Each structure stands twice: as C-alpha cells, then as structure tokens.
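Asker: Protein sequences, first through last, are from chains U and R. Counting with numbering that gives the first Met the number 0, you get residues 0 to 325 for the letters of the first sequence. Counting with numbering that gives the first Met the number 0, you get residues 0 to 279 for the letters of the second sequence.
Zero decoy hints are in this set.
No more than 27 angstroms apart at the CA atoms, straight line, and that leaves these computed lysine-lysine pairs for DSS-like:
1) R/K183 - R/K103
2) R/K105 - R/K183
3) U/K62 - R/K134
4) R/K226 - R/K66
5) U/K62 - R/K137
6) R/K137 - R/K226
7) U/K121 - R/K12
8) R/K183 - R/K107
9) R/K134 - R/K226
10) U/K62 - U/K79
11) R/K226 - R/K62
12) U/K122 - R/K12
The hints are simulated quantities; they were obtained by calculation from the structure and are not laboratory data. This one's a predicted model, so the numbers in the text were calculated from it and none came from an experiment.
Chain by chain, the residues run as shown.
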Amino acid sequence: MAQTSISPDQKYARSGASRTVAVARKSASPYRGYEVFLLPGVLWFLALIVAPFLVNIAVSFTKWQGVGMPIWTGLANYQKAFSDSTFWTSFRNNLSLIVAMTIVPTLVGLFLAAFLFDYISKKFGAGVTSFFRAGFYVPQVIPIVVAAIAWRWILQPDWGAVNSLLRAVGLGALAHNWLGDPATAMPSIMVMMVWFQIGYPLVIFMAALQRVDPELHEAAALDGASWLQTFAYVTVHLIRPEIYVVILTTMIHALKVFPPVWLMTRGGPGTATYVASYFSFRNFFEISNVGYGATIATILTVIIVVITIVYIRVQTQQQREEGLYG
Amino acid sequence: MASRSRIADGAGKYLSLIALSVLLLLMLFPLYMVTINSFKTEDGFLATGPFRLSTNLTLDTLKTTWKSTEYTTKLLNSLAISLTTALLAVGLSLFSAFALGIGKVKGKVLFLVFFLIAVMLPSESLVYPMYYFFKLVKLYDTRTSVVLFTAAFHASFGTYLLASAFSAFPRELIESAVIDGCNKLNLLFRIVVPISMPTLSVLFVFFFIWTWNDLFTPLIFLISNAKQTVPLAMALARAEHNVTITLQSSAALLGILPCMIFFILFQRTLTKGITAGSIK
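Please take these sequences and the hints and turn them into a complete structure.
Answerer: This is the structure:
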C-alpha cells in the first residue's frame, strides 16, 4: 500500500485536536484496548460458572430439600461426610478409577504408541499404523451409553461373553455375576474404563513421538542401548510434556466420572460402585438431600483443585531442575 | 546366519501384526456385538444368541426402534443442541482469546487461570443452583438451558486453548494491519480468523462431539421425551426395553451412527487438534 503523504501527527494537528491527543495517539500500542472483547466471555463465565459455584458452596452449609428455605447448619454436613462410610467408599472407588483411567492407559498407551510408531510403521507403513490407531481410538468416540449397553451384555452372568467363554474353555467355576457381586462390580467397571481410555494416550503419544529426533535413537543404539533402555531413558524423557498432560487430564476425568457408574450399576450393588459424582447426584435429585449433595460436590472440587495445583507445582519444579542439568 | 535372522525378522513382523489385530478385535468386540444384533429378527436372535452372526437379516428391528424411540426428534434435538453450543462456544472463545492472546490485558494470567479452573470443576458443583435458577426463569426442560450451560464450559476450555494459539500469532501481521488503519473488529474477522481457521474448526469439532455425547447435563435439564438428546434417550430406553436384546442393539446402533460418521469425516482434524493443545 502506498505511503500516505500525511503523517498521523499532522493529520491530528490539522483536525484541530490538541497536542496531547496527538502525542498520546502516537504512542498508542496496537495491543491496548482489547478489554471489551473479554466482556461476553467473562459475563457468561460469571453468570453460569462463578455464580452457581458460589451458591453451591453456600448451600453446602445448609440442610435443604430443594423446596422451601434452606436451614443453616454450619459444618454439620462436612462432619457427616467424613464419618460417612458411603463417602469413603466413593472416594476409594474414585482412586480405583485413577488406576483404571490414568495409570494403566498411560503405561499401555506409551508402549502401544512406541510399538506402533517404531515397529509397525517401519514394517507396514503409515496406512496400517493409522488404521490401528483409529481402531484403538474408537471407544473414545462412541457414546458412553452404547459402550455401557455392550459391556453389560458382555458381563451378563447367564449368557454374557465373558462367562460363556470361561465355560467354553472349562473354567466355568470362575464365572461370576460380575456387576451384581459387590466384590467384582467395581473391578468390572475398571476394566471397561481401561478399554475406554486407551485410545486417548495412544493418539497423543503417537503424535508426540513424531517430534522426537530419530538420530537420538540411533545414537543410543550405537552406544549399545537395548530397545527398552532407549525407550525408558530417551523416548519417555523427550515426550515428558505430553505424558504430564495425559496424566493430569485423565486423573481429573477419573475424579469427575459419572456416566459409566450411572449406566452400568446405578452405584450398586448397594453402594459398592458409588463414586463421588454419583453420590452427589443421588443426594441432589433422588433423595433430595440438597445440602449434603452440595457438600460432597464441594469436597470433590477442593480435591481436584488441590491435586491440580500440587501436580503443576511438582511438574514445573522438575522441569526447572532438568533445565539446570540439560 | 543372515537368512535365519531374516526369516525370524519376517516371522516376528507378522506375529506382531497378528497380535495387534487380535487386540484390536477385542477392543472393537462391543461394537461388533451391537452391530450384528441390530439386524437380527427376534427368532434369528434366539437361534444364534448375541455373539454369532445370523443369515436372517432384517431392517425391521431398526425401523421399530426408530419409531418407538422417536429417533428423528431426538436426532434433531441432539443436532440443534450440539451445533448451537459448538458455535456459541467457539464464538465466546474467539472473543475472549482475542483479548487475552493478542491484546495486552491487565491480569491476563489470572483470567486464564480462572478459565482453566472452570474446565476442571465437576458439573455437580454447579448443577443444583443452575437447576433451581432455570426452573425459576421457566427455562427448565428447554434445549436452551442445555446450550447456555454447556457453552460456558466449552468456552472456558476454548478460551484457554485459543489464547495459547493466539499468543504465537505473528505480531508483524497485527502491527502492519493496525498501521494500515485496521480497527479491531476488522483485525479479528479479516486477519486473525481466516489464519486461525484450522484451530477454530478443530475446536468446533471437539465441542460438537463433546456436547453430543454429554449425558449429565441433558439428564438434569431435560425432562420431557420430546426434548431428549440421542444418548439420553438411549440411556433411559434401556430400562424399558430391557427384554429384547435386538431392540436395545438397534437403539445403540442408531446412537453410534452419527458419531461414527463424524469420526470418519473428521479423523484427521481431530488428531491435529489433540496435539495442538498438548504441545503448547
């Protein structure tokens, strides 16, 4: 575009604006005055996230049926929660789900990603690799409702796939009422969640591996490192950022999880498969114990926020230390 | 010696492929079951059980389920809700990220932290007051309530992601545009948006799929049959059609089909998007 013959200063001088305006205009940065664009998002955020959150915390200090006025009870709900065995069962189940949704999928995902990336793609090409990657990701795409329906059939005690298979190979004695037996209900849900979750780390790690310099692998091989050693000390180290993200996001998901429990067992048998979110939901909408439901939700939120803060602190600390030593 | 290792290499190669394929088949087994049972008649099902194929195939089961669950209505509901929420969330994210990622706003880090915390919050910590409020303003049992609430969550994530992306936006483009007399709206829609289209489309796809599959929010805010979304209808139908596997199957398959279509269409965009967020 052709240079304008009049400089901005002269323009303003001619338009009669005061000198101070001209000076201010000249030093105005293109990066100021964006606050107005924040308005819609922030207002939305305040109305639909901050407001209900604060109200919920307030409700957690009350006894309320959802109709009429809430009655202030102070810390009574919190005291109740800490001595409530159902609450501790829920908490324990959430921890089990962290194993099923974070620890196992991350480890399996790492190995599978490395296997697909290093071995399969070299021997069979990118098409085959993409095919497998997409296939393993499918459980993440289908609605959890469908997964739950299918898994309920697989675990069905009389004709379900698992029991039928066990009976067919003569291990009928091991056949169980998987979802109906308190001892096996939660582990069954855990197995389903591993199945569900594997695709997510797999996809992320495979993408991460693409930015690893293959020369590093060659250098390690030249130094006499086995595949496992290279994997553990070089590869894993280099895709650390992605591993961190996967662990954090899956952990939070495991703490918040609701649909699988509601769909598979409704928290049963008894309270064997209760998780924090389901327990809260039940108090809100099924037994109208709104104050207590709010308490559980608040405790869950605090746990999530604390874990996240600690996690990020540890992560930045480690990264800082590594920065010092290369 | 050389030929032995080559044979071993070849054998190892195919062995691992077979192992991988077996694993994949196991992973997709639930899907396989849902598919084959949707096309069986009741008699066909009784004859072959839930795990074997049947030669007696029919579309009747699917048709019955389509009618009995009023699938068309549910499909339109899901479509309307997911599209609107995704568009709204992308729009909100765009505006907020424009301010935080490109502009210099005081307290930018604090804003981003708050948005990020919103993403972590469990729905249960927000849902009851929202439920009460929506009932108060007569928005309960409307698709609008679901859209408003869900958009808030997705917009928080989107703001964070997009702000990261925008902070890497080439400054020279912005500065030269401003020098050319471009105002902020033009800057946004004529320069930033076209260049960021890939990220924006990925965000849209994410939001669409997440909203579509969301069970909790519609469960709480939508009561009447006419307003339900596809996943919700299927989850509730399960209790009624408990007896016939074929009907349940066909309901499940009808639930999967839209998602699989999206997945196939957007598989490439999805993987690009997943990495964009994590690498930043």
